[in-house]
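Participant: Sequence:
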Amino acid sequence: LPPWVLINIGNIYFQNNDFEAAEKNYLKALENFLLFENLEMKNYGLATTYDNLAKVFLKDKNFDKSKDYFEKALEIRNTSQKIEDILYSKLSFLSLYIEENNFQEVERAFKEIQLFYNRQTKRPIQSICSDSMIVLASK
Numbered sequence: 001l002p003p004w005v006l007i008n009i010g011n012i013y014f015q016n017n018d019f020e021a022a023e024k025n026y027l028k029a030l031e032n033f034l035l036f037e038n039l040e041m042k043n044y045g046l047a048t049t050y051d052n053l054a055k056v057f058l059k060d061k062n063f064d065k066s067k068d069y070f071e072k073a074l075e076i077r078n079t080s081q082k083i084e085d086i087l088y089s090k091l092s093f094l095s096l097y098i099e100e101n102n103f104q105e106v107e108r109a110f111k112e113i114q115l116f117y118n119r120q121t122k123r124p125i126q127s128i129c130s131d132s133m134i135v136l137a138s139k
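Be aware that the sequence shown starts at 1, since it is given in my numbering, and climbs by one per residue.
These aren't lab readings, by the way, just hints derived from the structure by calculation.
Keep in mind that the hints are not guaranteed to be accurate.
Taking lysine to any residue pairs in the SDA-like style, the calculated list, with each CA pair at most 25 Å apart, reads [what the hints assert, rightly or not]:
1) K28 <-> E75
2) K82 <-> M41
3) K42 <-> E31
4) K122 <-> F63
5) K67 <-> L27
6) K72 <-> K82
7) K28 <-> N38
8) K82 <-> Y44
9) K90 <-> L1
10) K59 <-> N38
11) K122 <-> N102
12) K61 <-> K122
13) K59 <-> R119
14) K82 <-> R119
15) K111 <-> T79
16) K59 <-> N17
17) K61 <-> D51
Construct the complete structure from the given sequences, taking the supplied hints into account.
Facilitator: Below you can see the structure in the form of structure tokens.
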């Protein structure tokens, strides 16, 4: 099956809490994306697949493996230089840190995202981060 079909099948399994079947389909998709010759499509598919695998391991509370996959996705997205893709990857780490109850890392990641966004767009998002940190602190 084409890798995007495998991703969609994996997503269905994921939504139905069958994380083992989801992982199996994501790993098959990963193998297929590695065969792509078009580097842009290959990297887009690999980053998506790594994110999905990270989410599987996040659900399983395997934080180290989840972080490894999120890092692989971010590494690929950094090469694309697409701000929205890089932000997506950086934001993915927040879900990891929140699941770990590591609010020091949440705060650090927020600041990193804020700095990255401000540098790339020349528009501050300070109020968004400040409001979000107030919500997190109240939990």
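Participant: Of the numbered hints stated previously, which ones are contradicted by the structure, given in increasing order?
Facilitator: Hint check: 4, 9, 10, 11, 12 and 13 fail, others pass.
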